[in-house]
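Student: What follows is each chain in one-letter form.
2 protein chains.
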Amino acid sequence: MLILPDLNRLRVFYHIFAEQSLVAASKTLNITPSAVSQHLKKLESEIGTALFIRQHKRLVPTPEAEKLLAIIKPFFHDLEVGLRAINQSRETPAGRLRVGAPLVFGKTYFPGMFASFRIMYPQVTFVLKLGDPAVLLGMLGDGLLDFALVDIFLSQRQFSADLRMYRMEPVVDEELILACSRNYYEHVLGGDCSFASLVSREFISYYSNDLALKSWFGDHFGKSSARLNIVMTVDNVDAVLSGIEHGLGMGIIPSHLVHDAMQKGSIVPVTTTSTEIINRISLVQLKGKQPSLTEKTFLSFYKKMMQQDAVVEKFSRIVDNEKV
Amino acid sequence: MLILPDLNRLRVFYHIFAEQSLVAASKTLNITPSAVSQHLKKLESEIGTALFIRQHKRLVPTPEAEKLLAIIKPFFHDLEVGLRAINQSRETPAGRLRVGAPLVFGKTYFPGMFASFRIMYPQVTFVLKLGDPAVLLGMLGDGLLDFALVDIFLSQRQFSADLRMYRMEPVVDEELILACSRNYYEHVLGGDCSFASLVSREFISYYSNDLALKSWFGDHFGKSSARLNIVMTVDNVDAVLSGIEHGLGMGIIPSHLVHDAMQKGSIVPVTTTSTEIINRISLVQLKGKQPSLTEKTFLSFYKKMMQQDAVVEKFSRIVDNEKV
DNA sequence: TTCAGAGAGTAAGTTTTGCTAATCCTTCCG
DNA sequence: CGGAAGGATTAGCAAAACTTACTCTCTGAA
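Protein chains in written order, with this note's numbering: chain A, 1 to 324; chain B, 1001 to 1324.
Rather than coming from a laboratory, the hints here were simulated on the basis of the structure.
Any given hint could be a false lead.
[As the list claims (entries may be wrong)] Pulled a few chain B residues facing chain A out of the computed Cβ check, cut under 10 Å: (1) Asp1006; (2) Arg1011; (3) Pro1074; (4) Ile1086; (5) Cys1193.
Don't be surprised by glycine CBs; every beta carbon is placed ideally from N, CA and C.
Required output: the full structure, derived from the provided sequences and hints.
Tutor: In C-alpha cells, the structure reads:
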C-alpha cells in the first residue's frame, strides 16, 4: 500500500502553487519562507516527484504538480464549505434531522409538523423512521437517529436493550380505549360491558403484541382471559380501525384517533368504572449526545405545537416537562 | 475566513470512523490508542463539533462526523489513486506529453510519430503545440511544455529570452533551399542563377521574418539586396509552396518537403557554387527539469524514427547526438 | 458475585517535528 | 556595479506528537 504524504504539506503546496512563490505563500501561511521551502522539499521526497522546477527566482510547476493540485484543490474547497455548514448550523437550525416515532403517532402528526417547521426554517430537512420501540432504540443507539418518540408501555418487555444509555422524557400520555362500532355495541354486546359479556366476543389484536388487550382487561377488571377470540391480527392501527368500523369486533385504539367517529356515534368506547389505560409516549435521546441547535429548536417547536393541538389536548394528557 | 483543521487529524478521524474504534484505528495507523484519542479530541475542538458520542466502549458517529467523512473519503481515494498514477509513470510511460514544434516540421512528422508510439505505450497522450520559437520557448519556460523542437536559425534575433535556462540539443539540420517552379525556372530565370539575375525577380517571404531570404543571399553571394521584390508574404509554408508551384516567384523551402516535387522536376532549386544554408532544429528542454520516463522514452523513440526516415535522411543531416 | 479483559481517556515524560534566524547563492534591475 | 529579492541551507529552539503508565467503566466468563 502506498503511504500517503503528510497532509499538512499539501496545504503548503497548495499555497505555493496558487502564489507561484515561496515568499508569497509564506506570507499567507504566516510562516517564514524557510519553513515553506522545507515543507516543499519534504513533500517532494515523500511523493518521490519534483513538483516545481526551480527557475532562478521563479517556480515552475511540473505536470505532476498540476495533477496533484487538481486533486487537492476541490477538496480544500469542499472541506471549507462543509465545515462552514457545520459551524453555521450552530447559529441557525439547518441540516437533516432524523426522527423516530411509533407508526401511527408518527404518520399522523409529524408530516404536518415538519411542514410547519420548515416554513420558519427551510434549511432543515427530515428523515422520519416509523417503527417499533425496539427498532427505534437500536437505531438511536447506533447514531442513526437524532431522537425518537417511543411508546414504552406497549412493548416494555420486547427489547432487552440497556435503557441506561438513553435519556427519556415523557411527552404525551395517549389514552388507549377498547372500542367497537355502534352496530356491534348495540346488536352484539347489547350494551353489556361486563367481563363475562366481553370475554366471549370477537377481538382485533396487534401482531407484534397482544399486551394491549391483556393490559386493558387487567386495568379494567383486574384479570384477563387466557384465550380471547381474536378474529384478526394485524400490525396496523388503520386496519384495526377499519375492522372495528366493519363490525369485526373490538380493538384497542388511541382515543384521539377516533375522536370524530365517537362524536358522530359511529364508534363507541367500551367503558367500565375504571379509568382508561394510558400509553405513555416518551421522547428518547442518547445520553452522551447533547442535542444540536436544530434538534433543540425543533423539539421546543414540537412541544408547543402539541399543546395547541385540540385533539391531542382533549384526549391525551400532555406531560408537563418542566417538572420532570 | 475559516481556519482549516490540522489535515493529518482528518486521516486519523477517517480511520476511527472506518473502524468505529480507537484501538483498531491505532493499529492501522501504527500508533498507540492514546495518540489516536488525543488526535480525535483536538480535531473535535478545532472544528467545534463532537464527532463521536462516547458510548461505553463504543464510538457512535454524529451526523457531523458523517458529513465530514463524506467530504474526506473521496479525497483520500482520489489522492491515493492520483499518487499511484504519478508513481507508476516512473515505471512505465504514461500520462500526457506536451510537445512544442515548428509549424511545418511538427505537423508533418509528429502525428504519425505519436500514432506509432502509442501502439507501444497506449497510456501516453499528446498535446502538440505548433508555433514560433519565441512562443514555444516561452511556454517551455512557463512549464506548459515538456520539451520543444525549435528552429533557432530562422528567428534567432526574435526573442530576447534568456537562453541560459534551456538545455539545447541539435536534432536535425534542415536544408533550406531557394526554389521555384520548373516553368518559372525556364521561362523567367532562363536558368540564370547569378546575383544580378535573381535580385530583380519575384520572391515569396515569411511574414514573421524575411531573414530566411536575406540569409540565403548572404550565404550564397556574401551580400543581399536591401529591397527584394516580395510579391507575397505569408506565414505558412504550404502557402509558400503553393505560391512556388503556381509560378508566383521564388521562396525558401525546407528541401525535404519538396523532395518528391524535385524528383518529378515540377519544382527546381536555385543553386550556386555555395552549399545550402542549414536550419538547425534543436530539441529544447528546461535546464532545471529532469525529463520523466515518458519523456525520455518518447525522445529516444523519436530519434530512432528520425534516423529511419528516408526523406529526412536524404535531405537533412541528423546530428549525431552522442558527440554533443 | 467476582475477576480478568478490553476499550476509552488522562497525565507526564520523551522524542520528533516544525519553525525561526542567520547566512549564502543567484538573478534581476536601477 | 550594488542593492533588492527569491530561494536554499543549517543550527538551534520551541511546539507538537507520540509513548508509557495509569484510571475508569463496561463486558463476559468463572
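Student: What hints, given by number in increasing order, does this structure fail?
Tutor: 5
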